[in-house]
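**Q** Given chain A, work out where chain B should sit, using these hints.
Listed here are the chains, written in short residue letters.
There are 2 protein chains.
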Amino acid sequence: MSDRFQFSVSATDGHARTGVIQTPRGEIRTPAFMPVGTAATVKAMLPESVRATGADILLGNTYHLMLRPGAERIARLGGLHKFMNWQRPILTDSGGFQVMSLSSLRKLTEDGVTFASHVDGSRHFLSPETSMQIQRDLGSDIVMAFDECPALPATEDEVAKSMRMSMRWAQRSRDAFGDRPGHALFGIMQGGVTRDLREESAEALKGIGFDGYAIGGLAVGEGQEAMFSVLDYAPGFLPEDKPRYLMGVGKPDDIVGAVVRGVDMMDCVLPSRSGRTGQAWTRRGQVNIKNARHADDPRPLDADCTCPACTGYSRAYLHHVFRAQEMISGMLLTWHNLHYFQELMVGLREAIAAGQLAGFVTQFEAQRAQGDIDPL
Amino acid sequence: MSDRFQFSVSATDGHARTGVIQTPRGEIRTPAFMPVGTAATVKAMLPESVRATGADILLGNTYHLMLRPGAERIARLGGLHKFMNWQRPILTDSGGFQVMSLSSLRKLTEDGVTFASHVDGSRHFLSPETSMQIQRDLGSDIVMAFDECPALPATEDEVAKSMRMSMRWAQRSRDAFGDRPGHALFGIMQGGVTRDLREESAEALKGIGFDGYAIGGLAVGEGQEAMFSVLDYAPGFLPEDKPRYLMGVGKPDDIVGAVVRGVDMMDCVLPSRSGRTGQAWTRRGQVNIKNARHADDPRPLDADCTCPACTGYSRAYLHHVFRAQEMISGMLLTWHNLHYFQELMVGLREAIAAGQLAGFVTQFEAQRAQGDIDPL
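Which chain is which? The protein sequence lines are A and B, in order. Going by full-length UniProt numbering, the residue at position 203 of the first sequence is 203; the numbering climbs one at a time, nothing skipped. Going by full-length UniProt numbering, the residue at position 298 of the second sequence is 298; the numbering climbs one at a time, nothing skipped.
Here chain A stands alone, though its shape is the one from the complex:
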């Protein structure tokens, strides 16, 4: 293992790249999908099970952890890795996005944002400097700059104004982060769906200099077509020798489209959230396990899948335990979904390495178009 943070691309195929991020806590194979462990747990999973699905890195949410159990408490207890029993890399977001989507009584100034906790109503303040301190307390391996993501709909002027403040906050984040060997700081590109603003944001970030670059402000309701339009050019504004992280993405077809366009890292709550609501993702699309057609079906969710849900249980069982509101329902479906997402990443990495990404994408789309297996 490397004692420092280092990214290397081993192969490209069109705009897509595959490679590895070396960190003191282990390698991250890219393109990477990062499961989300919001409150120091990937919901319904033990960390060893998350690892068994193939995850190299988890995402933790600064906003949730600062409110409960508190970043200083986690620091006293030895950091987030020890606290949640996950020794591999952790990326933490900056808290900016969750403050905007979850808290109340927000007051935003150039200095930062004050807000009321969604847990207990207590008042808090987040700024580039406090976010850097909290992420340091957590012991995060990849720290995200503190940014603002404007609520949609927003005019181009509002997006531009917000982006420019985020760029000033990016500089303050860089200054506050300091020099921390083995830890990385990523800047976040904003600019909505406006090419010039995206380019301006990228130039600002490159001028500051980061260990990696995120594409923020997408996957916030603009739709896949608009997102892909931005991804057709935005990754190209960023340095080739640093990882590119698309935040909050996504569905399997979003992931494939993003990787094709040059994205190296992604995160999303989708596989775990879907798992708790009876939604399974397979190579043949989405399956709603609560549908009555599964009640007598002895077949697995996906006969070719090697996850515990598919090797040990019938659709009839998965249907039954969902209907009976048993915890094993969320446990098995989350495991399956995370397994499928990681298998998808393995397929993408291998296809890029072999220079066969176009064929992989064709097969991926053909399998999805088949739809789920026919009812008995």
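Among these hints, one or two may not hold up.
Identical chains blur together in the list; that is why a pair holds if it fits in one copy or across any two.
Once the Cα atoms are required to be at most 30 Å apart in a straight line, the calculated BS3-like pairs of lysine-lysine come out as [stated by the list, open to error]:
no.: 1; residue 1: K161; residue 2: K242
no.: 2; residue 1: K82; residue 2: K290
no.: 3; residue 1: K161; residue 2: K82
no.: 4; residue 1: K251; residue 2: K107
no.: 5; residue 1: K107; residue 2: K290
no.: 6; residue 1: K290; residue 2: K251
Hints in this document: simulated from the structure, not taken from any laboratory. Predicted model only: the values in this text are computed from it and were never measured.
**A** Quick look at chain B alone, frame taken from chain A:
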């Protein structure tokens, strides 16, 4: 593995015995604690994790399974073992107790009991004959005779009348069960806390002849002292060469007291139910993990415990995830509790085998008397 059901005692210590029940699906080491998998799942656990705690056998609930997903459906799907992915022995109760405690609109006659499902209000009928058929559909290894457990408080006359009907039902259960090599039928002794009635019930059951004998109608609110009073004589009314099963017991000290008095098998929802409500059982007694004193405590629940909750996590983490209502809370505490209960059974079996049960009990009580570790 034996192709038939066979019990052998390898050592005794006072009234306590240790031995093994051979079944075609594997050995059951006695004294045995059976985790409860009510609706075809031990709540919050994967079956391989239940096995990892040391469980040799699970209990399934006929009442719940007949209502959802239905015994005929489970039969079509290959039986309960395949359905829930547990290949080792399963004992099913007869449904009698749950009908009395969970259903509504009950009508009890000599023939059986009609009732309305607590799930959807649908009408059902259970009798010795239908209970035997359902347990056969489920594929249960150890089938329980269909009995009635009178609601408390009950007069001695009511208990006697109910017991005598249960004995007639025991004969009908025996007749309906037929000859099923490799599968066992257990009779259930009733008679409340009245010695003469217990003896009368035992004689009736022995006259019919069963592969094992349960002690029913205890752990229903009579208190430990009254239960132990019955256990001081009731096991002695039963054949020495057949397993004795105390239904629905219990807390760790109930288990120890029952084993000392000659009980070979027990079941209880306590370790799994407690696990979901933040209650942990350790050799030093009960720990309420939601208590604020754990919020900053870096120590494990039990430093000497080898379960995943104790080897991977602090009390502070367990406190946090319980407060945040994360599923991992129930998953880890249930695992710990089941692990502790099975460790207790290992200790009891080894102590009996070594002729040192009295010393084991003294140490067990001394550790409990210490109480939980001091706050930091």
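**Q** Output the numbers, in ascending order, of every earlier hint that fails for this structure.
**A** As far as the earlier hints go, 3, 4, 5 are violated by this structure, in ascending order.
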